[in-house]
Amino acid sequence: MATLTRRNRRQGANNDKIWKTADEIKGEKLEKGILDAILRIIEKREEKIASRESYGFGNDFLGLLVQAYIEEDRSKRITIDDLVDECKTFYLAGQETTSSMLPWTLFLLAIHTDWQEEVRKDMFSVFGRQDPQCDGFKKLKTPWDDQAADPTEYKMND
Numbered sequence: 842m843a844t845l846t847r848r849n850r851r852q853g854a855n856n857d858k859i860w861k862t863a864d865e866i867k868g869e870k871l872e873k874g875i876l877d878a879i880l881r882i883i884e885k886r887e888e889k890i891a892s893r894e895s896y897g898f899g900n901d902f903l904g905l906l907v908q909a910y911i912e913e914d915r916s917k918r919i920t921i922d923d924l925v926d927e928c929k930t931f932y933l934a935g936q937e938t939t940s941s942m943l944p945w946t947l948f949l950l951a952i953h954t955d956w957q958e959e960v961r962k963d964m965f966s967v968f969g970r971q972d973p974q975c976d977g978f979k980k981l982k983t984p985w986d987d988q989a990a991d992p993t994e995y996k997m998n999d
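Be aware that the sequence shown starts at 842, since it is given in my numbering, and climbs by one per residue.
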């Protein structure tokens with residue numbers, strides 16, 4: 842029986858191109874969606890350059906990657922696959938940082954109710970009952986730019 846199973850498994854490996862699982866199909870669709878999204882962003886930047894709205898791809902991470910992609914010196918050029926992979930890595934790293942930082946911040950605010958109250962008062966003084974807007978964070982008394990968003994830095998360094 843073990844020999845038969847091994848033989849079937851090997852044959853199945855050769856048929857991977859014919860038979861795909863639902864997960865493989867979904868994964869391929871997601872991969873194509875990510876690629877298409879990144880290519881659309883690059884195309885928009887190319888259009889801005891063509892219409893003279895912009896004189897470069899930008900000085901952000903994607904702009905630097907696109908400049909490396911169109912580099913004239915072939916030895917310094919990256920492929921479109923490299924560009925897309927770098928974008929995915931950067932996105933996932935940011936998502937991981939955020940997903941680990943938010944619970945930690947909430948935990949610290951939960952155990953330090955005085956910090957929580959200070960942040961709450963500051964937020965209500967600026968935003969009231971409205972949803973917070975990015976431009977409003979500049980008006981906060983609490984130093985949100987680098988400390989209150991990270992309570993470990995904000996209070997533990999006092």
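It is worth saying that the hints were derived from the structure and are not from the lab.
Everything numeric in this text was worked out from a predicted model, so none of it was measured.
The reader is advised that the hints may include incorrect statements.
[Stated by the list, open to error] Straight line, CA to CA, 27 angstroms or less: simulated DSSO-like cross-link-like pairs of lysine-lysine:
no., residue 1, residue 2
1, Lys917, Lys885
2, Lys870, Lys917
3, Lys861, Lys873
4, Lys979, Lys929
5, Lys929, Lys917
6, Lys861, Lys885
7, Lys870, Lys929
8, Lys889, Lys861
9, Lys861, Lys962
10, Lys873, Lys885
11, Lys929, Lys867
12, Lys979, Lys962
13, Lys873, Lys962
14, Lys885, Lys870
15, Lys889, Lys867
16, Lys982, Lys962
Tested hints:
1. For the hint pairing Lys917 with Lys885, the CA-to-CA distance comes to about 24 angstroms; that is within 27 angstroms, so the pair holds.
2. Between Lys870 and Lys917, the direct Cα distance comes to roughly 31 angstroms. Violation of the 27 angstroms bound is thereby established for this hinted pair.
3. For the given pair, Lys861 sits about 16 angstroms from Lys873 by alpha-carbon distance, which is consistent with the 27 angstroms threshold.
4. The suggested pairing of Lys979 with Lys929 is violated, with an alpha-carbon distance near 30 angstroms, which exceeds 27 angstroms.
5. Between Lys929 and Lys917, the direct Cα distance comes to roughly 21 angstroms. Compliance with the 27 angstroms bound is thereby established for this hinted pair.
6. Taking the CA atoms of Lys861 and Lys885, the gap is near 34 angstroms; set against the 27 angstroms cutoff, the hint is violated.
7. The straight-line distance between the Cα atoms of Lys870 and Lys929 is roughly 15 angstroms, inside the 27 angstroms bound, and the hint therefore holds.
8. Between Lys889 and Lys861 the alpha-carbon distance is near 40 angstroms, which puts this suggested pair outside the 27 angstroms criterion.
9. For the proposed pair Lys861 and Lys962, the alpha carbon gap of about 55 angstroms is over 27 angstroms, so the pair is violated.
10. For a cut-off of 27 angstroms, the pair hint linking Lys873 to Lys885 stands: about 18 angstroms separates their Cα positions.
11. Distance check on the hinted pair: Lys929 and Lys867 sit about 17 angstroms apart at the alpha-carbon level, within 27 angstroms; holds.
12. About 15 angstroms separates the Cα atoms of Lys979 and Lys962, which keeps this hinted pair within 27 angstroms; it holds.
13. With a C-alpha separation of about 46 angstroms, the suggested pairing of Lys873 with Lys962 is violated against the 27 angstroms cut-off.
14. Among the hinted pairs, Lys885 with Lys870 is consistent with the structure: their alpha-carbon atoms are about 22 angstroms apart, no more than 27 angstroms.
15. With a C-alpha separation of about 33 angstroms, the suggested pairing of Lys889 with Lys867 is violated against the 27 angstroms cut-off.
16. For a cut-off of 27 angstroms, the pair hint linking Lys982 to Lys962 stands: about 10 angstroms separates their Cα positions.
This entry does not satisfy hints 2, 4, 6, 8, 9, 13, 15, going by the numbered hints stated previously.
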